[in-house]
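Take the given structure of chain D and dock chain A to it, following the hints.
Chains as they are written, first to last, in the UniProt record's numbering: chain D, 1 to 235; chain A, 1 to 272.
If you're looking for bench data, these hints aren't it; they were derived computationally from the structure.
Treat the hints with caution; some may be incorrect.
[As the list claims (entries may be wrong)] Simulated restraints, written as ranges between beta carbons of each label pair:
1. D:156 x A:61: 48 to 54 Å
2. D:59 x A:96: 58 to 64 Å
3. D:232 x A:146: 37 to 43 Å
4. A:13 x D:154: 49 to 55 Å
5. A:96 x D:112: 20 to 26 Å
[Stated by the list, open to error] Derived pair list, reagent style EDC-like, types lysine to aspartate or glutamate, alpha-carbon separation capped at 16 Å:
6. D:159 x D:175
7. D:92 x A:96
8. A:219 x A:112
9. D:89 x D:113
10. D:102 x A:96
11. D:50 x D:200
12. D:50 x D:197
13. D:102 x A:92
14. D:206 x D:226
Glycine included, C-beta positions come from ideal geometry on N, C-alpha and C.
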Amino acid sequence: MGDSQYSFSLTTFSPSGKLVQIEHALTAVGSGQTSLGIKAANGVVIATEKKLPSILVDETSLQKIQILTPNIGVVYSGMGPDFRVLVRKSRKQAEQYHRLYKEPIPVTQLVRETATVMQEFTQSGGVRPFGVSLLVAGYDDKGPQLYQVDPSGSYFSWKASAMGKNVSNAKTFLEKRYTEDMELDDAVHTAILTLKEGFEGQISGKNIEIGIIGNDRKFRVLSPAEVEDYLQEVE
Amino acid sequence: MSKSAIDGPTKGGFSFDLCRRNEMLVKKGLKGPSFLKTGTTIVGLVFQDGVILGADTRATEGPIVADKNCEKIHYIAPNIYCCGAGTAADTEAVTDMVSSQLTLHRYHTGRESRVVTALTLLKSHLFSYQGYVSAALVLGGVDVTGPHLHTIYPHGSTDTLPFATMGSGSLAAMAVFESKYCEGLTRDEGVQLVAEAISSGIFNDLGSGSNVDICVLTKGHKEYLRNHLQPNPRTYISQKGSFSKKTEVLLTKITPLNKLVEVIEGGDAMEE
Chain D
1 MGDSQYSFSL TTFSPSGKLV QIEHALTAVG SGQTSLGIKA ANGVVIATEK KLPSILVDET
61 SLQKIQILTP NIGVVYSGMG PDFRVLVRKS RKQAEQYHRL YKEPIPVTQL VRETATVMQE
121 FTQSGGVRPF GVSLLVAGYD DKGPQLYQVD PSGSYFSWKA SAMGKNVSNA KTFLEKRYTE
181 DMELDDAVHT AILTLKEGFE GQISGKNIEI GIIGNDRKFR VLSPAEVEDY LQEVE
Chain A
1 MSKSAIDGPT KGGFSFDLCR RNEMLVKKGL KGPSFLKTGT TIVGLVFQDG VILGADTRAT
61 EGPIVADKNC EKIHYIAPNI YCCGAGTAAD TEAVTDMVSS QLTLHRYHTG RESRVVTALT
121 LLKSHLFSYQ GYVSAALVLG GVDVTGPHLH TIYPHGSTDT LPFATMGSGS LAAMAVFESK
181 YCEGLTRDEG VQLVAEAISS GIFNDLGSGS NVDICVLTKG HKEYLRNHLQ PNPRTYISQK
241 GSFSKKTEVL LTKITPLNKL VEVIEGGDAM EE
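Bound conformation, chain A alone:
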């Protein structure tokens, strides 16, 4: 294959050896593979006692809905959760990796993980891949220093905010936040506001849809409200068939199918 195969054990990171070949193939007319993206609405806000994160549940592959009920709120630590937008595989892998690193860190220090630790681990990883790891994250949690909410961009820059939205539906959701957010919200007010913002993304953005997931993080306690709102229920067809109830049954007759195969006795045995 390429020279790097002889160099010994992989050093990690991406190998860009095939880029020239891919460019040549695209020029010749071959369409490159698409990847599963979460055209998404993800939000977070800080309320009186902690942080609330929200996300929609639609995963798209171009114009097609690949998963109608995926989980976009990822576990990082018992007191830290992270919503992910962008390439689904990237958000899953990067949050899993940081979660693993934080578990080890907790064993070694004997302390609860801090949100800034998760933040720094995530941003350093994303920066070192120069934006090729397409993960846009909303990270929130409550630690000894209080509640924190951050956004992380694929290139590795971060913001610290009282309320944040990311993904293709971020504009719709931000409109709701900008008009209705205030400091010192109660838990119920916060949950309602988050649900409203996500619903706004679900109904106004094509890349977001299905249900609303919410995660409420307070000091020492977390509430994962999976499918808190289901504003897009599927209308099922009755299992008994699509006849209306007024149909009259005239005749019930069961005709057994004839056996088509005739058994010939003493026929030639199959050749082995």
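Isolated chain D, as found in the complex:
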């Protein structure tokens, strides 16, 4: 590939106009575990596979879906450690916004600031881009919102989106199943069905994670027992 000569230096454009490191970062995301999000009429749901490298790993110690503010949550596909760093930075930015303006940070603002951090790492010396794409779910005065942020720092608002290994199948499935007037419960069922599509092995409350936010504007991660209940309903 003619671009390979330029694939080592992050801050150099290739002749075709691409930043190859970002392309590679997207590849890292694409080989990560599937995650998805759906925006319903009265809330947002985000979900992800939680495949552990071995049965010996204590699954309760790992939580892939994280809360950023009481009304905003986030999930990722890609490299877990990069995600941790971004979550830490985003939480701090949300808190600083709150200190300055005494209002909870709007979802778009937090997404923009996180995306700015990710972009900085594509234009600085000696660093590499983050190997994660984020799905940010929030509920503020503008209603329920779902955003996807890529390693390049670009962000998009979605009605429903998926990332990771099974992205094309999942998106096709979502396109068919999505309706504008979906309720939050329907959205959770659809999310589970979408995850089930590409799932290897037996799906259960222990190997998927679901986070929801409804009209109460409180983001929370469902417990494994609650996930099991939804799974029962779907079958």
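Relative to chain D, chain A alone:
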């Protein structure tokens, strides 16, 4: 201005560059600006199920009452509250800052905040400013290790106590506590004792006044009783005026005011 302006981004903390100039101005007779202080009575006590904090609501600026109903009990965490005496801006800012730090800490650890954490954050901040941040605090809360009550002095020293008072009215309030406090008080007894202590400060100390605010903290539950007691109600004048009700109305006549401006037609237009 001073050299530090060229040094780049501010490193934080106070800049003492203007101290010499200020001293010179004071020598020349210029009176320095005063700041809003909360000449105050703040108290806290540990009771059977948790902690009760109390405060008066008067904010003074020298001899003048600047705010008759200010809030001196500040939120630090869902299970931790803090009463503040001293310079109002300092207590507000420092409690806000620590509250923000604790929120981030809670997200990172996934656990309820502990009172000693708030205590350590506050005292390290105050110590690093060597007493210039004039905030005297009574910090109380209930966490996994139980109920805790601490006092924090502006220089950064702390005490852990079963009952505590701070502020200009602390002597009046402490007198009440020392005579009536005992271990194992019930909630109602505790609230009453705190109200009594604050009232003692309100009536006997000039720097404290107006109403009594109380905050009851127990495991997993908090009760913020804003203006629990209002022993100094304002006596309002009747809105209808100060005539006594026996006044007889003899005549009601409305005279419209004459228009003073005469409209001249065809006058000179105003020059633009």
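Violated hints - listed by number, lowest first: Checked against the structure, the hints that fail are numbers 2, 4, while the rest are satisfied.
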